[in-house]
Amino acid sequence: MGMKVHGSLISPASMRVLACLYEKGLDFQFVPVDLATAQHKNNSFLALNPFGQVPAFEDGDLKLFESRAINKYIASAYSDKGTPLINRDPKKMAIIAVWAEVEAHKYEPPANKLTFELAIKPLMGMTTDDAVVKEQEDVLGKVLDVYEARLAESKYLGGDSFSLADLHHLPTMTLLMGTRAKAVFESRPHVRAWSADIMARPAWNKVLAMKAAAA
Amino acid sequence: MGMKVHGSLISPASMRVLACLYEKGLDFQFVPVDLATAQHKNNSFLALNPYGQVPAFEDGDLKLFESRAINKYIARVYTDKGTPLISSDPKKTAVINVWLEVEAQKYEPPANKLTFELAIKPMMGMATDDAVVKKQEDVLGKVLDVYEARFAESKYLGGDCFSLADLHHLPTMMLLMGTRVKTVFESRPHVRAWCADIMARPAWKKVVDMKAA
Numbered sequence: 002m003g004m005k006v007h008g009s010l011i012s013p014a015s016m017r018v019l020a021c022l023y024e025k026g027l028d029f030q031f032v033p034v035d036l037a038t039a040q041h042k043n044n045s046f047l048a049l050n051p052f053g054q055v056p057a058f059e060d061g062d063l064k065l066f067e068s069r070a071i072n073k074y075i076a077s078a079y080s081d082k083g084t085p086l087i088n089r090d091p092k093k094m095a096i097i098a099v100w101a102e103v104e105a106h107k108y109e110p111p112a113n114k115l116t117f118e119l120a121i122k123p124l125m126g127m128t129t130d131d132a133v134v135k136e137q138e139d140v141l142g143k144v145l146d147v148y149e150a151r152l153a154e155s156k157y158l159g160g161d162s163f164s165l166a167d168l169h170h171l172p173t174m175t176l177l178m179g180t181r182a183k184a185v186f187e188s189r190p191h192v193r194a195w196s197a198d199i200m201a202r203p204a205w206n207k208v209l210a211m212k213a214a215a216a
Numbered sequence: 103m104g105m106k107v108h109g110s111l112i113s114p115a116s117m118r119v120l121a122c123l124y125e126k127g128l129d130f131q132f133v134p135v136d137l138a139t140a141q142h143k144n145n146s147f148l149a150l151n152p153y154g155q156v157p158a159f160e161d162g163d164l165k166l167f168e169s170r171a172i173n174k175y176i177a178r179v180y181t182d183k184g185t186p187l188i189s190s191d192p193k194k195t196a197v198i199n200v201w202l203e204v205e206a207q208k209y210e211p212p213a214n215k216l217t218f219e220l221a222i223k224p225m226m227g228m229a230t231d232d233a234v235v236k237k238q239e240d241v242l243g244k245v246l247d248v249y250e251a252r253f254a255e256s257k258y259l260g261g262d263c264f265s266l267a268d269l270h271h272l273p274t275m276m277l278l279m280g281t282r283v284k285t286v287f288e289s290r291p292h293v294r295a296w297c298a299d300i301m302a303r304p305a306w307k308k309v310v311d312m313k314a315a
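Chains as they are written, first to last, in our numbering: chain A, 2 to 216; chain B, 103 to 315.
FYI, nobody ran anything at the bench for these hints, they're computed from the structure. A couple of the hints might just be wrong.
[As the list claims (entries may be wrong)] Taking lysine to any residue pairs in the SDA-like style, the calculated list, with each CA pair at most 25 angstroms apart, reads:
#1 A:K143 / B:K215
#2 B:K165 / A:E149
#3 B:K307 / B:G280
Computed from a predicted model, the values in this text were never measured in an experiment.
Just chain A, with the same shape it has in the complex (with noise of 0.2 angstroms):
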């Protein structure tokens, strides 16, 4: 049976699960979900995640959604293959929870708005709202002026270990780089010298070579 992901290569949060299955070096099947006729809106789909949005997986009987709860299965139930991305020691286990919530209530939220604003609406011929792109830059600058001190101390922003909790940032990030937004990481020394080993990762790069062999 195996284990499947319902996505789209356009999609950030699809990239984070295909990522981690990379890392973890398992097989899976890739199952295109395409957006642009909205059948991620179409029953079949909806059964796997009622809430309309890729990704969705399947392993076995199994059937989850949300990107980052799937990654934490991933890593959990196959930790011994390929990097391990959590960490058994409950105390490593917490640090690593506290920045995987970090990248999901504090870099999401402004890293999301400017990926809209800054890489998507150019795709759909919309302009892109230059207030917003200044008040999200902000926002986003405060938040890794904290990820400026933490990786200071501290090589991965678990611990000493790469982790879910840096993975989870590569989609919006790489997407970012790509723009006039990459100054806000740069700007900062450690977040730029993290952002450039985390995206250098061979598993990573496997995820940007299904993208591009799909466009």
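Given the coordinates of chain A, work out where chain B should sit on it, guided by the hints.
Same frame as chain A, but now just chain B:
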């Protein structure tokens, strides 16, 4: 040494952690942080949470922040105490984690905005923005439509048993039930029943009593 929660009883996120500690029946020290005098922005607090927000948490030399991460730690480390809030079965845990994300990513944004407009602003002498309320009620309504369907097949969000996925809703749910948007919850029969059930839990009532005291 023991566990300490640095927080404020007007903070939903602080109440989220207190609920978890009471469910597990654990001893802890509550260290009040005075938000009105910006105590959460001073250097000693920033050493606990560099984002300058309540709550912050200590268990011996372990320092954590982000209420949902704190609760995951408590639920895991004290798994054999009090109410089970996660599962030892990986597939059941996976389903609980899905609904934990739903609470954080789908429910929290509109619930937070509504709480600000309807519960916080009036206390601060500010005017509620009715357009924001209308819009966020619609957003929350669509989220709760999915909950309504979920409860037709599952007693609690994560499965048969109460878990962190349900608990995390309590602080904003309680605040909103005291406002006009309670109808968003109460107009959906399964959601209404689930709300009444989880708000009646003795551990939650202990948090409410702390706030009232």
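ask   = When you check the alpha-carbon spacing of K143 of chain A and K215 of chain B, does it fall within 25 angstroms?
value = holds, 21 angstroms
ask   = Does K165 of chain B pair with E149 of chain A here, judged by a C-alpha cut-off of 25 angstroms?
value = It holds: about 19 angstroms lies between the C-alpha atoms, which stays within 25 angstroms.
request  = Compare the distance between the alpha carbons of K307 of chain B and G280 of chain B with 25 angstroms, and conclude whether the hinted pair is satisfied.
outcome  = Satisfied, since the Cα-Cα distance of roughly 15 angstroms is no more than 25 angstroms.
The structure shown violates none of the earlier numbered hints.
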